[in-house]
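Participant: Quick note, the sequences are listed as chains A and B, same order. Mapping the first sequence onto my numbering, position 44 (from 1) lands on 106, and the numbers just tick up by one. Mapping the second sequence onto my numbering, position 25 (from 1) lands on 1166, and the numbers just tick up by one.
If you're looking for bench data, these hints aren't it; they were derived computationally from the structure. Every residue, glycine too, gets a C-beta built ideally from N, C-alpha and C. There could be a bad hint or two in this list.
In silico SDA-like cross-links for lysine to any residue, where the CA-CA straight-line distance does not exceed 20 angstroms [said to hold, decoys possible]: (1) B:1338 x A:72; (2) B:1247 x B:1343; (3) A:327 x B:1309.
Which chain A residues face chain B? A few, computed with CB under 7 angstroms, are given here [unchecked claim]: (4) 73; (5) 77; (6) 408.
Label-pair distances were calculated between CB atoms; the ranges are [said to hold, decoys possible]: (7) A:95 x B:1293: 25 to 33 angstroms; (8) A:357 x B:1252: 45 to 53 angstroms; (9) A:372 x B:1336: 13 to 21 angstroms; (10) B:1336 x A:63: 37 to 45 angstroms; (11) A:357 x B:1336: 52 to 60 angstroms; (12) A:250 x B:1169: 27 to 35 angstroms; (13) B:1387 x A:263: 34 to 42 angstroms; (14) B:1320 x A:344: 42 to 50 angstroms; (15) A:335 x B:1387: 25 to 33 angstroms; (16) A:350 x B:1157: 26 to 34 angstroms; (17) B:1169 x A:350: 42 to 50 angstroms; (18) B:1320 x A:67: 31 to 39 angstroms; (19) B:1286 x A:297: 53 to 61 angstroms; (20) A:373 x B:1262: 41 to 49 angstroms.
Here is how the chains run, residue by residue.
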Amino acid sequence: MDFHLSKTHLLQQQLFRTFAETEIRPLAKEMDENEAYDPALLAKLQKYGFLGIPYSREYGGAGADTLTYTLCMEEVSKVDASTGITISVHTSLCCSCINNYGTEEQKQKFLRPLLDGRQVGSFGLTETNAGSDVQGAQTVAVRDGDDWIINGSKIFTTNSGFADVCVVFAITDRTVPAAKGLTAFIVDLKNTPGVTVSENIERMGIRAASNCIVTYDHVRVTPDRVLGPVGRGFKIAMGALDCGRIGIAAQAVGIAQGALNEAIKYGKERKQFGKPINSFQNTQFKMAEMQTKIDAARLMTWRAALAEDNHENFGPLAAMAKLFASDVANEVCRFAVQAMGGYGYCREYPVERMLRDAKITEIYEGTSEVMKMVISGSMKLK
Amino acid sequence: MKIVVCIKQVPDTAEVKLDPRTGTLIREGVPSIINHDDKAGLEAALRLREQFGGTVTVVCMGPPQADIALREALAMGADDACLLSAREFGGSDTYATATVIAAALKKIGFDLVITGRQAIDGDTAQVGPQIAEQLHIPQVSYAEELRLEGDSVIVRRQFEDQAHLLKVKLPCLVTALSELCEARYMSTYGIVDAYKKEITVWGFEDLKNDLNPAWIGLKGSPTHVFQSFGKQAKAAGTRMTGLSADEAVAAIMDKLIERHII
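Isolated chain A, as found in the complex (with noise of 0.2 angstroms):
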């Protein structure tokens, strides 16, 4: 068992930490304020191959591994969580589904340009009735020839603002349940009639990520967007969302240790009773307290990201970093919005935006309700 990174993710860790401190973190106070993601920014996580890094070259992705991902999550989460959200859904939960269950025609066609920086994909599974329970699902698709017709509502469609592509979830068979009546559909997001996305949902936080309504109206899916066979889209969409879980793990470890470097850096030059803050026992223990955890929920994070690479059963060890991690998150942000006091609280500082988006990372790709379920499912209990 080795604890080192390797030459090659220390160079990777090196480029995201770079890319993060002189690309992002000068915009992530001003997307979070407009509500909006700097189109210029994701064009340069585009162009040097933030989007497609678990993938093969084969299909262009970078040929780099989950770990890497892992690293990227955390780094640029560190400054923007946005960013990160941005980044995992594309990657976790778009391109897992097309990578692991697309023929070989649709790698080509549709997984190509979203790995190599051409276009962003996003991901629609939840509806206003189906949150943590699929069986609610009202989006259907009936066969019309040859082709399906989909109607229906996603809510909470990340990238949706932007994206060219959505891996898209309906009904094909309601005379089952939906684990066996759902249907995974590639649907071109920006030029199909019937397809229309809302305006940026307005949110507590990772307000510079896109997150729409894509609405579906007789929207007509030629059946080489069929992805995976039919019936089958629970299994494929539970899938991306073990893959998505060990993003959203490295995303909490980011915003958690980006909120700490904060209140170290802040506490070294605020004084108090005469001296800096970070010199009262009671600063520095908090600190390690935090540093300690976030430590162990990277640690967690690395390992389902390694159990991916070596094609383990990752699903639980996933479920487990998300859930603790997402955890630590909120805490670390909780203590460095405390230490810093009263300019912790106010938007001239970044952690008041770190606690409130470290808290979507307890909610989304499954709650720590769901993530408990998942763990324990895999415990034998009964």
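With the hints as your guide, set chain B onto chain A.
Facilitator: Relative to chain A, chain B alone:
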């Protein structure tokens, strides 16, 4: 066109501190980076290759740890890399360093050599010009603009109050200012490729046909560092207190006039 870029791995001076006792740099724990001017030179080379085709080879003289600097250069897009590393090269001053690099460049072959103007840890600006002298090729230092035209390069050479536009026939050597161009980042796929490539490592044996052992390393160096020390900090400024706003303005104006600043 075959472009060779010489780079140096240097400590990131933004994080370097001086040992208060010895006055020397504390290098321990300080991250190493590619020297800024050299990185601009590499970027210029990559752009020329994108425009006109050819190859970009990166050369670095240094300890085995300099491998990481070459990997970074490969990850930015260089085609191949060569590390010049040997005990015999250790302690070389600028002349001895240029001697080793010039020998390697003869062996590699080139149409255009680009080096940085100077390294942030030594600030001599001598190695580039000395390489050109040893290779008997023309040189243009302080390049802030570089373009290729036929079998020549046109270089804008920066001076404090003016610039020279020089046209030089290839093969030649150009030393780059960091203003020459803003270097790209590595890419994720570039890093993956960088670690799949072999870096050529040459020691004394590999270059001995072109190297006189008496002219390299510590013993072969005509110059030696006698002593290095931190600069004396400037004395504390004058503090004037208890003045009204108008009096403060008048006092500042007096000082500015006294020192002929206005």
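Participant: Which of the listed hints are not met by the structure?
Facilitator: Numbers 3, 6, 7, 10, 11, 12, 13, 15 and 17 - these are the hints that the structure violates, sorted from lowest upward.
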